[in-house]
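Here's the letter readout for the chains.
Number of protein chains: 2
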Amino acid sequence: MKSVGERVPKLDAADKAAGKARYVQDLRLPGMLEAKVLRSTVPHGRIVSVDVSEAWKVRGVRAILTAKDIPAKAWGYAKDTTALKGDRVRRIGDELAAVAATDIEAAIEACERIKVVIEPLPAVYDIEATLAPGAPVLHESKGSNLVQTHHYEHGDVAAAFAKAAKVVEGTFTLPAQQHAALGPVGAVAEWDANGRLTLHDPTQIPFLVQRDLAEALDISPADLRIVQPAIGGAFGARLDLYPHEAIAALLARKAGAPVRLLFSRDEDFQTDPVRPRTIVKLRTAAAADGTLLARDADILVDCGAYVSWGSMTPVVMVNTFGNFYQCPAAKFRARTVWTNTQPTGAFRGFGNPELLFAVETQMDELARALKLDPIEFRLKNANRPEEVTPAGGRITSCGFKEVLEAVKAKLKRPAAPAEPHLKRGIGVAAVFHVGGGARIYRSDGCGATVKVDDFGKATVIVGATDIGQGMETAMAQIAAEELGIPVSMVRVATQADTDVRPWDVGVHASRTTFIAGNAVRLAAKEAKKQIEDARAALKLPPDAPVDKVVRAEHFRQKGRLISASAFYDPPTSMVDKANHGNVSAAYTWGCHGVEVEVDVETGQAVVKRVVAAHDVGRAINPMLVEGQIEGGVVQGLGYAMFEECVLKDGRMQNGFFLDYRIPGIKDVPDIETVLVETGDPEGPFGAKGIGEAPIVPIGPAIANAIADATGVRMREFPMTPERVWRELRNSR
Amino acid sequence: MKSVGERVPKLDAADKAAGKARYVQDLRLPGMLEAKVLRSTVPHGRIVSVDVSEAWKVRGVRAILTAKDIPAKAWGYAKDTTALKGDRVRRIGDELAAVAATDIEAAIEACERIKVVIEPLPAVYDIEATLAPGAPVLHESKGSNLVQTHHYEHGDVAAAFAKAAKVVEGTFTLPAQQHAALGPVGAVAEWDANGRLTLHDPTQIPFLVQRDLAEALDISPADLRIVQPAIGGAFGARLDLYPHEAIAALLARKAGAPVRLLFSRDEDFQTDPVRPRTIVKLRTAAAADGTLLARDADILVDCGAYVSWGSMTPVVMVNTFGNFYQCPAAKFRARTVWTNTQPTGAFRGFGNPELLFAVETQMDELARALKLDPIEFRLKNANRPEEVTPAGGRITSCGFKEVLEAVKAKLKRPAAPAEPHLKRGIGVAAVFHVGGGARIYRSDGCGATVKVDDFGKATVIVGATDIGQGMETAMAQIAAEELGIPVSMVRVATQADTDVRPWDVGVHASRTTFIAGNAVRLAAKEAKKQIEDARAALKLPPDAPVDKVVRAEHFRQKGRLISASAFYDPPTSMVDKANHGNVSAAYTWGCHGVEVEVDVETGQAVVKRVVAAHDVGRAINPMLVEGQIEGGVVQGLGYAMFEECVLKDGRMQNGFFLDYRIPGIKDVPDIETVLVETGDPEGPFGAKGIGEAPIVPIGPAIANAIADATGVRMREFPMTPERVWRELRNSR
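Residue numbers (our numbering), protein chains in the order written: chain A, 312 to 1043; chain B, 312 to 1043.
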């Protein structure tokens, strides 16, 4: 192959490095106004009054909205939110009013002049306390703070635990994590004179926003067009409709001018969705020979004040819980809850990092208890190719064995340091993740059109979205390979909007290379067939270049253009009511091995080295795959070691990059990546999705390495020096 | 029919009226520079030196270009131009240098500081004198100022003239006409960091500019993307690549930033192409019974200093000359010439107004000489349906008889005015024009894609360009009709660029409704078939709405999206070397009747009333067709009565709207339009093109009416009071 498998530099890299990419903050439309949202400083309360009369006196103000001015109908996953709040606030940051003005200073000043009276109510922030009797109920019509309960079961769990040689159990606590995307949150809305809305929105789900925003605005989705600027990172944060998108649209309609609403970094940290705080109670049982017998989990997941994707993270947890390892019995309960905190949403890994922190820690504990090598223990219970799991997962390609063996070969126990207060250890953890889409909607498909112009240049118009992962480059390589032309002759129309692009469900679940890649491949294959048919019909030689054939086909009597469209929807199904089913057309495995050094005097654990082996099916672009793995390792390192939203009375205390510590360059260990190519039969050229898996196992691998180094078992993220030090002290 | 034939308001009208449409002057890209071109004030001369050193000292200057800095290869129709001139200037306005700066004032100041030394050469402006021996030759390598000669002949012309009962002859003189589009000329160029150019260009020919500009820049067309902003009128002016487009691109590349080059109105008047000055010498012969016998024409057409479409206007003249009326013998010679004046280009009607001024004047003269009613004389010699002409034209639908009879019925001779110095008269003139494309390239085709989304909204992605004529609305009506959905549920993706859109040759030759309309109809028909196939396969009731069927088809196992593409290239051929052939899939006829009042003391002729009958095949949107006819009448009125580029030593003396007089609202007569619907068999729903025909016959109809009122025969446009007064004086 000539294009697939090549280390093609990202097609958008040069523009991004040169500052030429246009993000939402770079948009300047004629007559555009700037918007600001007035937000609640009270975590829970009854709105008595919102008086905007003084705000109108600020020069340059063009529109002011309160809840009275907008559609009253609640929207969102649990129909529990509106763009502006009219009766009650349920978290610090709730939207009370919004202003559009000729400049941002005027909009801010106008917000400051709005008089708000709120009668405080008792608030609840703790995800266990929120379910206790007497806790303040956020949404009275819902009766309690329980959003929903997810159940799953296979095998005879009670019997398995009863006969087990070894049972381990523990409670694992995971913090809220900020996406910390460098691109600011925002949207630019403009209505044409016919009443049609164009929203410039760095969303991950343009086609779902078209539907959902129309519902929130009470207009027809046919009157809505979503245009995506370059997206400065998303990681799941832009996987739902949030109030700011509706507010920008409503202000623009009221003002009769384009409106840009950009979050400050503080607003982003305080109000944009986060990875949900989660508590995982887990028991795992094994036989004396190392055969895994059973798992039992009871999980609490925070939704914050309004339900978004946070409430669905158990769906991914269940998928791993029921499919990962050959485990004959498993029982799962997860409850999602409302609290007076910021909403929680999707975040790379989507529940899997939370669950596997517990699962992979207990795999390590069991191996140690049974005196087995942790990798051998995993190998013994590993999924195999062509297996059907008790949960209904249909495993096709499976490189679990290979990734475990790769880490085993490359992760060596380091020499003990000379300094007695430094301890070194190694640890491993594995991951199972969807790699061929995830059918959580009725369609998991993507459409693509490939056209080849008179100059032999191919344009790919695909529903998929690039959030930095390299979609454009991967699609160009797939199209180039199928068409037999150089990658430089393929352009992916990334500026296209929902009017022009074929449908796609969005960028999530590591699905784009697999799903969109298959759609592009099918369309390119058909375009190639048109070219070859023309070559044959026009009796052109086999070595006549593509552009010559295309021109000959175009510039003849009854000529035609080369253009083909395809839609790919994977052969999967949604889970049934018992959460059984095969949601993905392929699954992926990985294993991370880490070496840590722990200062037992300070509790500081430093990750020195990571070996990250992943079954990628086939690397369409090894450099991009390595980038995904390295990025996942670093982001997972941040989750495991540094990041945490520190709340006090419902307010995040560390809402700036100085205090909210994502890994810096000095925190990044040596990372050795190993790409295992199993050649998935359904994936495009064998590829499987790899966007999320690398963030998952790094945390438990570090925890297992800390245990290896110190004997101390960490069950809470982030594993800060203070927490490690406390555990060390407790263990003495 | 529900959508075709409806008076749907133009879909872009509300945005344009509200100031929301975005023209090239509205574009603001981050870091965008403004550009200015330094132009020659010498009409012909040798460039001795261009010194830019002082210009660099102006604050804010980011790039300066002279001919030395750009590709030297000549480009254009006759390969006679470059973006910047290095050795010689050949007209006032020639591009000597260009500056990009942070603001336009700095760019202008820098241009003023460039020191240019030019050694003047003798210049020639007159289109007859330029061919005389000893005239200064503009392009020495070409040998003379003759660009090319077009010939055509059928029948025995000499014999026909010899046997004629009546022969009329005359010389007709036509001025240069400015397009006077309200949208300024300009372009915005930006290069991405991979070296690919995006040009925001209100061109009529995006796909040809992709090819031609790549040639001028010496880059691959694959690295060029043309995006059209809203276009503020064009009328043919934007049918070729001109130096400013290349200059914007070259400056942007040099500066490493986006560059906008906008013409001042003065620059537009002085340097943008105009309708060519033309001299038509014509003889026409008829038998005593009113049978047309022969025509003989000898024509001179100005190309200005560099060849653009001006040199091709005889191609359209020939088409009319050989096909219009049943005329058994015809002979035609047209020579196109270089002069030291601004280049000439395409202009609505494209030679036909020039030629038919002569032809239709002589038809009137012959009728009068033979004592025949001018309409009866035309009827006697009129083309008929299903006729093959001596030139090879294949006439299908033909409403010539109907338009003549409509004018006869509606144009009544007015009562004589009471004032003795006022004379009233009536006159008619007819027109023949292409109505089904015009194959001047190897492809006269257009591609279209129609997709229908989950909400039942259809998007039309079509290669065609809207220059104000209503393409968007006509295409929406055609798609809506074929799909069986309301026009409000169709959106035409007018913002799409050459990467995304299927190919089209451009907007010219009244071809868009016919050619693009057929492409859209074919694509919509296929999309409709997909919907109906899905309805049948899914057993949905016949009254299930389209959106429901589309969703059912999409959201099922192995689902698919509704999307179809088509390419329509009409069944025509290019003319042969003798200018015979059938270039259009349909032809159109019209007849204008006018009533004028002439003040014989001042020579002022005022058009009081116009009856404009046109064979439109079928009116997709009668309101838009009426708009085209009214607009054509008014623009043709300007050409006939007011407009003229007054040159002195090669410089246009009346280069502002105050002096260059296009018709104002008070000049517009009552216009009664008559739409004759002949239902063309090849046209979309029977439609034929009507963009140009209405500009053609108004001039000769006025001239004939002046003759009717005063006995004076006008053979020069514009028919100003001075010219009419002189003819009246001469005739006394």
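Any given hint could turn out to be false.
No distinction is drawn between identical chains; accordingly, a pair holds when it is met within one copy or between any pair of copies.
Claimed, not checked - In silico DSSO-like cross-links for lysine-lysine, where the CA-CA straight-line distance does not exceed 27 Å:
#1 Lys712 with Lys477
#2 Lys859 with Lys384
#3 Lys859 with Lys390
#4 Lys840 with Lys869
#5 Lys719 with Lys859
#6 Lys384 with Lys719
#7 Lys869 with Lys384
#8 Lys919 with Lys327
#9 Lys836 with Lys919
#10 Lys592 with Lys888
#11 Lys379 with Lys888
#12 Lys836 with Lys869
#13 Lys888 with Lys859
#14 Lys850 with Lys836
#15 Lys682 with Lys919
#16 Lys477 with Lys426
#17 Lys840 with Lys592
#18 Lys390 with Lys368
#19 Lys888 with Lys869
#20 Lys959 with Lys869
#21 Lys368 with Lys384
#22 Lys565 with Lys327
#23 Lys919 with Lys390
Calculated from the structure, these hints are not laboratory results.
Check: Between Lys719 and Lys859, at a C-alpha cutoff of 27 Å, which is it: within one copy, between copies, both, or neither?
Finding: Intra 53 Å, inter 54 Å, cutoff 27 Å: neither.
Checklist line | Intra- versus inter-subunit Cα pairing at 27 Å for Lys384 with Lys719 | finding: Answer is neither; intra-copy 56 Å and inter-copy 64 Å both fail.
Check: What label fits Lys712 with Lys477 when the C-alpha limit is 27 Å: within, between, both, or neither?
Finding: within (24 Å within a copy, 101 Å between copies)
Next item on the list: State whether the alpha carbon distance between Lys682 and Lys919 is at most 27 Å within one copy, between copies, both, or neither.
Entry: within (26 Å within a copy, 107 Å between copies)
Item checked: Same-copy or cross-copy closeness of Lys840 to Lys592 [CA-CA at most 27 Å] -> Neither: 55 Å inside a chain and 56 Å across chains, both beyond 27 Å.
Notebook entry, point to check: Given identical chains, is Lys477 near Lys426, meaning Cα to Cα at most 27 Å, within a copy, between copies, both, or neither?
Noted result: neither (62 Å within a copy, 92 Å between copies)
Notebook entry, point to check: Within a copy, between copies, both or neither: where do Lys919 and Lys327 come within 27 Å Cα-Cα?
Noted result: neither (30 Å within a copy, 62 Å between copies)
Check: Should Lys836 paired with Lys869 be assigned to within, between, both, or neither, using CA atoms and 27 Å as the limit?
Finding: both (23 Å within a copy, 18 Å between copies)
Next item on the list: With 27 Å as the alpha-carbon cut-off, assign the pair Lys888 and Lys859 to within, between, both or neither.
Entry: between (56 Å within a copy, 26 Å between copies)
Next item on the list: Could you figure out if Lys859 and Lys390 sit no more than 27 Å apart (CA to CA) within one copy, between two copies, both or neither?
Entry: Between. Shortest inter-copy distance 24 Å satisfies the 27 Å Cα cut-off; intra-copy 56 Å does not.
Note to self: Within, between, both or neither: how does the pair Lys959, Lys869 come out at a Cα-Cα threshold of 27 Å?
What the structure shows: neither (73 Å within a copy, 51 Å between copies)
Item checked: Up to 27 Å CA-CA - Lys888 versus Lys592, copy category -> For Lys592 and Lys888, the Cα distance is within 27 Å only inside one copy (23 Å; across copies 88 Å).
Checked against the numbered hints given earlier, the structure breaks hints 5, 6, 7, 8, 9, 11, 16, 17, 18, 20, 21 and 23 and satisfies all the rest.
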